[in-house]
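S.K.: Got chain A sorted already, so can you dock chain R onto it with the hints?
If you read the protein sequences in the order shown, they are chains A and R.
Throughout the first sequence, residue numbering follows our numbering, covering 1 to 197 in sequence.
Throughout the second sequence, residue numbering follows our numbering, covering 1 to 471 in sequence.
None of these hints come from the bench; they were simulated from the model.
Fair warning: there could be bad hints in the mix.
Said to hold, decoys possible - DSS-like, lysine-lysine: derived pairs with alpha carbons at most 25 angstroms apart: (1) Lys165(A) <-> Lys168(R); (2) Lys163(R) <-> Lys196(A); (3) Lys55(A) <-> Lys74(A); (4) Lys162(A) <-> Lys165(R); (5) Lys189(R) <-> Lys242(R); (6) Lys62(R) <-> Lys162(A); (7) Lys165(A) <-> Lys165(R); (8) Lys85(A) <-> Lys410(R); (9) Lys62(R) <-> Lys85(A); (10) Lys371(R) <-> Lys196(A); (11) Lys162(R) <-> Lys196(A); (12) Lys62(R) <-> Lys326(R); (13) Lys100(R) <-> Lys431(R); (14) Lys25(A) <-> Lys74(A); (15) Lys165(R) <-> Lys209(R); (16) Lys117(A) <-> Lys100(R).
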Amino acid sequence: MLKLNAFAFIGLLSAGILLQSCAHKVTRVSENEQIDISGRWNNTDSRLAAEELTKNVLSENWLSNFLQQQQGKKPVVIVGLVANKSHEHIDAETFTKDIERAFVVTQKVRVVQGGAKREELRGERADQQKNSSVSTMKKWGLEVGADYIMQGSINSIVDSHKRQKVVYYQVNMELTDLQTNEVVWIGEKKIAKYVKN
Amino acid sequence: MSKILNQWKWVLGYALLITIPVSCRTYNDAIGQYYGALSQGRFDEAATQLDRNKFLRYGRNKLLLLMEKGKTAFLQGRYQESNLYFNEADSFLERGRRNKVWDQTLGILVNPAMQQYAGEDFEKLLIHYYKALNYLQLHQTEDAVVEARRISLSNYELNDRKKDKTNKYSNDAFALIMQGIIYESAGDKNNAFISYRNATDVFLRQPDKTYYNTPIPGQLQEDLLRTAYQLGFTTELSYYEKELGRKYSPVKESDGGEVVIFWENGLAPVKVENNFFFTITERGPGNFMFTNPDQTIFIPFDFKLTSSDAGNRLKGLEAFRVAFPKYEEQPLYYTGGHVQVNDTNNIPIPLEQVENINQLAFSTLQERFLKEMALTLARMAVKKLAEHEVKKDNESLGQAVNLLGLLTEKADTRNWQSLPHTIYYSRVPLKKGANKLSLTLSGAHGNKTVTLDVAGNGGLQTIHYSSLQKS
Numbered sequence: 001m002l003k004l005n006a007f008a009f010i011g012l013l014s015a016g017i018l019l020q021s022c023a024h025k026v027t028r029v030s031e032n033e034q035i036d037i038s039g040r041w042n043n044t045d046s047r048l049a050a051e052e053l054t055k056n057v058l059s060e061n062w063l064s065n066f067l068q069q070q071q072g073k074k075p076v077v078i079v080g081l082v083a084n085k086s087h088e089h090i091d092a093e094t095f096t097k098d099i100e101r102a103f104v105v106t107q108k109v110r111v112v113q114g115g116a117k118r119e120e121l122r123g124e125r126a127d128q129q130k131n132s133s134v135s136t137m138k139k140w141g142l143e144v145g146a147d148y149i150m151q152g153s154i155n156s157i158v159d160s161h162k163r164q165k166v167v168y169y170q171v172n173m174e175l176t177d178l179q180t181n182e183v184v185w186i187g188e189k190k191i192a193k194y195v196k197n
Numbered sequence: 001m002s003k004i005l006n007q008w009k010w011v012l013g014y015a016l017l018i019t020i021p022v023s024c025r026t027y028n029d030a031i032g033q034y035y036g037a038l039s040q041g042r043f044d045e046a047a048t049q050l051d052r053n054k055f056l057r058y059g060r061n062k063l064l065l066l067m068e069k070g071k072t073a074f075l076q077g078r079y080q081e082s083n084l085y086f087n088e089a090d091s092f093l094e095r096g097r098r099n100k101v102w103d104q105t106l107g108i109l110v111n112p113a114m115q116q117y118a119g120e121d122f123e124k125l126l127i128h129y130y131k132a133l134n135y136l137q138l139h140q141t142e143d144a145v146v147e148a149r150r151i152s153l154s155n156y157e158l159n160d161r162k163k164d165k166t167n168k169y170s171n172d173a174f175a176l177i178m179q180g181i182i183y184e185s186a187g188d189k190n191n192a193f194i195s196y197r198n199a200t201d202v203f204l205r206q207p208d209k210t211y212y213n214t215p216i217p218g219q220l221q222e223d224l225l226r227t228a229y230q231l232g233f234t235t236e237l238s239y240y241e242k243e244l245g246r247k248y249s250p251v252k253e254s255d256g257g258e259v260v261i262f263w264e265n266g267l268a269p270v271k272v273e274n275n276f277f278f279t280i281t282e283r284g285p286g287n288f289m290f291t292n293p294d295q296t297i298f299i300p301f302d303f304k305l306t307s308s309d310a311g312n313r314l315k316g317l318e319a320f321r322v323a324f325p326k327y328e329e330q331p332l333y334y335t336g337g338h339v340q341v342n343d344t345n346n347i348p349i350p351l352e353q354v355e356n357i358n359q360l361a362f363s364t365l366q367e368r369f370l371k372e373m374a375l376t377l378a379r380m381a382v383k384k385l386a387e388h389e390v391k392k393d394n395e396s397l398g399q400a401v402n403l404l405g406l407l408t409e410k411a412d413t414r415n416w417q418s419l420p421h422t423i424y425y426s427r428v429p430l431k432k433g434a435n436k437l438s439l440t441l442s443g444a445h446g447n448k449t450v451t452l453d454v455a456g457n458g459g460l461q462t463i464h465y466s467s468l469q470k471s
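The shape of chain A in the complex, shown without the other chains (with noise of 0.2 angstroms):
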């Protein structure tokens, strides 16, 4: 009996082993699936984040305020830039992207480059004044000037104790009037996420 002990002994630890080693697998799964793994900023937040955002300015007052005043005329957005000061490292780009898209796919908003792929769509047309043909060669000063500026901010909020953890993400985006400065836009999206551990 005991003879077996021994060896049952080695043989179940082996077992036990083996059973903490899982082979490692990868599946496929829809972009759309909520999967929530460790409670910090994932895709579903960023997916959120952009519907909410892009169904509201959309939407909103200053849409058709512009429409009216302007004769049906649409009005030209830049997107800028969003300042992340939440205490993680957020790419505020899969969200901001999502935005412009339904800007350019919905045709109700018109949409010009800004930041650093300005700077390189003019170093290309520099490039042209010397190295193209004339009758090919795009001309300066014919960009078209945005009406609003894009911007917004990402700000975190974490109160933890022991092992229970609340993460609240508050992504406020806003529009202003390049003429006058004036906010015609502020939408918000808040996340909070029960984490425990």
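M.R.: Quick look at chain R alone, frame taken from chain A:
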């Protein structure tokens, strides 16, 4: 009966076979020559020694070989080559052990030194530091930023595993500072601010604002306040001004930009074998504990896998000798330093301690002592049980098993030894064009001044200097 005996012979033979590569030297002895050349600054010779070393060629030491190769190439200034090794080490860690089951069984049946070396937590994070420094030297800023993001992932992993406990190594403040420097080099002030703030919070969460013997660096405070100011985060600026008890006054940016100089001083501690003796006592019915002779350590006999009388059967057996690693500090040759830019009449800028690897090594081993000791004792009990069973049938075979147990009991004394004892840093302004930095290191054995040339390009750069001597 004879069947069982035959099985045991098989086990014994097998165990002897895998014991052959085990010797009584520690890891430090095994790589002594490489280590000697390295500490005296003979990096090329160290590289040759490393290539000649047979011990590091064993599959189980692969990670150590990669880390040492990467570090030597880094010291030789071969940044591209260095990153080939570090990237391989990094993906080795991502991939995990080649055969976990076999590896863990080896660890339990023989000793943990036979397992594949999986790296200490701080060693894993320092791989990112070296990779980032290499990329920055090569002006591959985007690759350095990838490293910055990987620092986040590694820190999250560490944080989740330690359940964000402030009294445990659950965040690496230095890695976060490095992350901030990488983002700033890439011109991403917003992400740099987040890194600096997270690093500062790690220090501020400690009761004495000191993280593993490193007080919150003045440079970090300055970097945090500056980035907050530059981004126009006024609420954050005033919050941290209050927390840190200092006011931020903007400084005019120098046209040549700045350089962060990292000084790696001394060598990380080495692991030696430390023997503990335990016996089994019963504290209350059925509640077995391992205890040392002076009864200062009690470790519960937590064998979920054994039959409940395992403790009973082992009770009254002779003492267990358990080999466990212990760190031994490598004394420092230099104890402080400062840097002067361009003109020796300029005010010297002190080099601040930013990471004390020596302390980190000692503390993290201490933190996991109980958990690892329980595992080590489990390993010993398996061996003892086996010996116990065999002795019943065959006294001499039992003695052989006992001898085998004694011979194979060995602590895992491997660690990344070419890491520095302490890392210091300083951020100095540069003028446009050529700059001369004089780095003065001081200690009980005298002073040493080295000159480093940096070309001011308007951005944030990094340079490093290693003095790995020990006294």
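S.K.: Next, verify each hint and record whether it holds.
M.R.: Hint-by-hint comparison with the structure:
1. Lys165(A) <-> Lys168(R): This hinted pair holds, its Cα atoms lying about 18 angstroms apart.
2. Lys163(R) <-> Lys196(A): Distance ~10 angstroms between Lys163(R) and Lys196(A) Cα, so the pair holds.
3. Lys55(A) <-> Lys74(A): Within the cut-off at roughly 17 angstroms; holds.
4. Lys162(A) <-> Lys165(R): 9 angstroms, holds
5. Lys189(R) <-> Lys242(R): Measuring from Cα to Cα gives roughly 22 angstroms; hence the hint holds.
6. Lys62(R) <-> Lys162(A): Violated, because 38 angstroms separates the two Cα atoms, which is more than 25 angstroms.
7. Lys165(A) <-> Lys165(R): Judged against 25 angstroms, a Cα distance of about 13 angstroms means the pair holds.
8. Lys85(A) <-> Lys410(R): 50 angstroms, violated
9. Lys62(R) <-> Lys85(A): Violated, because 41 angstroms separates the two Cα atoms, which is more than 25 angstroms.
10. Lys371(R) <-> Lys196(A): With Cα atoms ~23 angstroms apart, Lys371(R) and Lys196(A) stay inside 25 angstroms; holds.
11. Lys162(R) <-> Lys196(A): 14 angstroms, holds
12. Lys62(R) <-> Lys326(R): 22 angstroms, holds
13. Lys100(R) <-> Lys431(R): It is violated: about 54 angstroms lies between the C-alpha atoms, which goes past 25 angstroms.
14. Lys25(A) <-> Lys74(A): 49 angstroms, violated
15. Lys165(R) <-> Lys209(R): 15 angstroms, holds
16. Lys117(A) <-> Lys100(R): 48 angstroms, violated
Comparing the model with each earlier hint shows violations of hints 6, 8, 9, 13, 14 and 16; every other hint is respected.
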